[in-house]
Amino acid sequence: MIPAQADSQAPLVSLSGVSLTYPNGVRALAPASLSVRAGEFVSVIGPSGCGKSTLLRLAAGLLLPAEGAVARSPGCRPAFVFQSPTLMPWASVSRNVALPLELEKVPMAEVRKRVEEALHRVGLSEFGDALPRELSGGMQMRASIARALVTQPRLLLMDEPFGALDEITRARLDRELLRLWHARTLGVLFVTHSLYEAVFLSTRILVMSPRPGRIAAELVVDEPAPREEDFRVSPRFARLCAHLQDEMTRAGAE
Amino acid sequence: MNGRPAALIAPALVGLAVLGLWQSAVTLFEVPPWLVPGPVLVARTLVADAGLLLGALAVTLAIALAALACAVALGVALAFLFVQSRAIEASLLPYAVLLQVTPIVAIAPLIIIWVREPLPALVICATIVALFPMVSNTTLGLKSVDPGLLDLFRLHGATRWQVLTRLRVPSALPYFFAGLRVSSGLALIGAVVAEFVAGTGGTASGLAYQILMAGLQLNIPRLFAALVLITATGVALYGLTSLAAWLALRRWHESARG
Chain Z
386 MIPAQADSQA PLVSLSGVSL TYPNGVRALA PASLSVRAGE FVSVIGPSGC GKSTLLRLAA
446 GLLLPAEGAV ARSPGCRPAF VFQSPTLMPW ASVSRNVALP LELEKVPMAE VRKRVEEALH
506 RVGLSEFGDA LPRELSGGMQ MRASIARALV TQPRLLLMDE PFGALDEITR ARLDRELLRL
566 WHARTLGVLF VTHSLYEAVF LSTRILVMSP RPGRIAAELV VDEPAPREED FRVSPRFARL
626 CAHLQDEMTR AGAE
Chain H
41 MNGRPAALIA PALVGLAVLG LWQSAVTLFE VPPWLVPGPV LVARTLVADA GLLLGALAVT
101 LAIALAALAC AVALGVALAF LFVQSRAIEA SLLPYAVLLQ VTPIVAIAPL IIIWVREPLP
161 ALVICATIVA LFPMVSNTTL GLKSVDPGLL DLFRLHGATR WQVLTRLRVP SALPYFFAGL
221 RVSSGLALIG AVVAEFVAGT GGTASGLAYQ ILMAGLQLNI PRLFAALVLI TATGVALYGL
281 TSLAAWLALR RWHESARG
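So the sequence lines, in the order shown, correspond to chains Z and H.
Each number in the numbering used here comes from the position in the first sequence (counting from 1) with 385 added on.
Each number in the numbering used here comes from the position in the second sequence (counting from 1) with 40 added on.
Worth flagging that the hints you see were computed from the coordinates, not collected in a lab.
Derived Cβ-Cβ restraints for the label pairs, each shown as a range: (1) H:Arg200 <-> Z:Pro492: 16 to 26 Å; (2) H:Ala47 <-> Z:Ala568: 50 to 60 Å; (3) Z:Val491 <-> H:Val155: 48 to 58 Å; (4) H:Glu294 <-> Z:Ala549: 16 to 26 Å; (5) H:Glu294 <-> Z:Thr634: 43 to 53 Å.
Model, not experiment: these values are computed from the prediction.
Where is the CB? At the ideal position from N, CA and C, for every residue including glycine.
Just chain Z, with the same shape it has in the complex (with noise of 0.2 Å):
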C-alpha cells in the first residue's frame, strides 16, 4: 500500500497539447490535454473514433505523441484493462493474473500471496486453477482487473473495459470498480461510450469531439463515495445526464 504522500497533489499522469497523426494520414487527436491525481477518477467520453482509446495508450506509453508531452509521476506504472478481457487462453486464472508480476521478476512467494489476495478482491479465490474458457464473460473481466490491481499501481487504465458485458453484470461491476477505487486512492483515467457509467463512476467527466478528437468539455461529479445504486435513480443523477447529454451535442458528440 502507498501511504498518501506529501506530493499527492500532483498528478500521476499528465499529458499537455498531445497530438497524434496516424501513418495513412488521418489526425487522430488535435492537441489534448488533461492530467490523473491520486484519488481521482477520470471518466473520457466521446463518439467513436473520436481517439479515446488513442489518449489512453498515449497515458500508457504504449504510442508516443507527434506533439505535446506525456509525463507520469516517477515510478508510477500505470496498469491496463483492456476492452475484452484479453487473457492468455492456455494459462489458468492464477498464471493469468500472475504474469505482470513474473515479468517484472518478482520473486515467487511474494507473487503467489499477491496473486492470492488480488484474486480475493475481485471474488475469484476460488476459480484461480480454471481455465478463461471456463469462466463467464463478466468472471473473465474481473480476472482482468485482478491482474491490473495485483502489481499494486496507483494508476489504472481502462479502456471501455464492460462495453461488452450485459446491463446487470455490468452495473455490478461498476460497483465493485468503485469500491476498489475508494479503497485504495487509485487514480483511474476511464474510457467509455455510456453517458450513465460515466456519471455513476467518475469524479470528473472529460467529453470529447468527433474525430480529430479535442477535449471539448470538462464536468465535475460533486457526488461523496461510497456510491450506491440509489445514486442511479436519484434527480442529481438524472440531473447530471442531462447536462453531460447537453455538453456531449454542444461538442457534436452525438
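Position chain H against the provided structure of chain Z, taking the given hints into account.
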C-alpha cells in the same frame, strides 16, 4: 475426437463392401493375379512376405521419421528467425517457396549424386518435401498473437525472449500441430518418392524398392501388399500426430474440443 459409433461403423461397412465387391469381381471374371490380385491374396502375401516387407517398412519409416524430425527442427528454427525481423522473412521466404514448388523427383538425382551416402541423401530429399508446412504454419502461428496481450507484455517491460517463450510459442502451438499433421504424411511420401528416384542408387532395402522390384518381376500381389503397408503407415502417422495435438491442446484450444 468424437467417438460416435456410427462415425466408425459407416466407413467400415463401406470398406468391407468395396473389398467384397473387389474379391467377387476378381473371382467371377477370373482376373489373373499378375493383373489385379484379390484382397484375400494380398492379405495372404502380406503374411507370407511379412519378414521381407516389415524389414523394408522399417527402413522407409526410419527415413520418414528422421526427415520429419529434421523438418520440425529446421522449420521451427526458420520460423523463429522469420518472426525476428520482417527483413529476414522477406529475404528468405521466397526461397522456402522455391523449395516447395520444385518437384522433388527433379532434384533428388542431384542430391543422391552429391551426397554419396544413400541414407542421408534420402533423408534430405524427404526433409525438403516435409519442410514447408512446418515453416509456414509455425511462422503464421508465432505472428498470430492477441495484440492486446502483446501490449500487456510491453507495458510490463517484457523482454523479447519473454514475449517469444511466454506469448508467441503458446499462441503458435495449434498452428504448429496443424503443420505437423501435414508434414508427417509428406515425410512418408517424400521418403517413398526419393527411394523410387534413387532406385538401386538408394539403400536398396526400403518399401519403395520392394514395390519397384515387385513391379519388375510382375509380383503384383507383393506390390499391393507393400502399398497397403505404406498407406497404413501414413494413416498411423496422421493418427499419432492428431493424438499429440489433442493431448497438447485439449484443455484450451477449440480445435481439440470437438
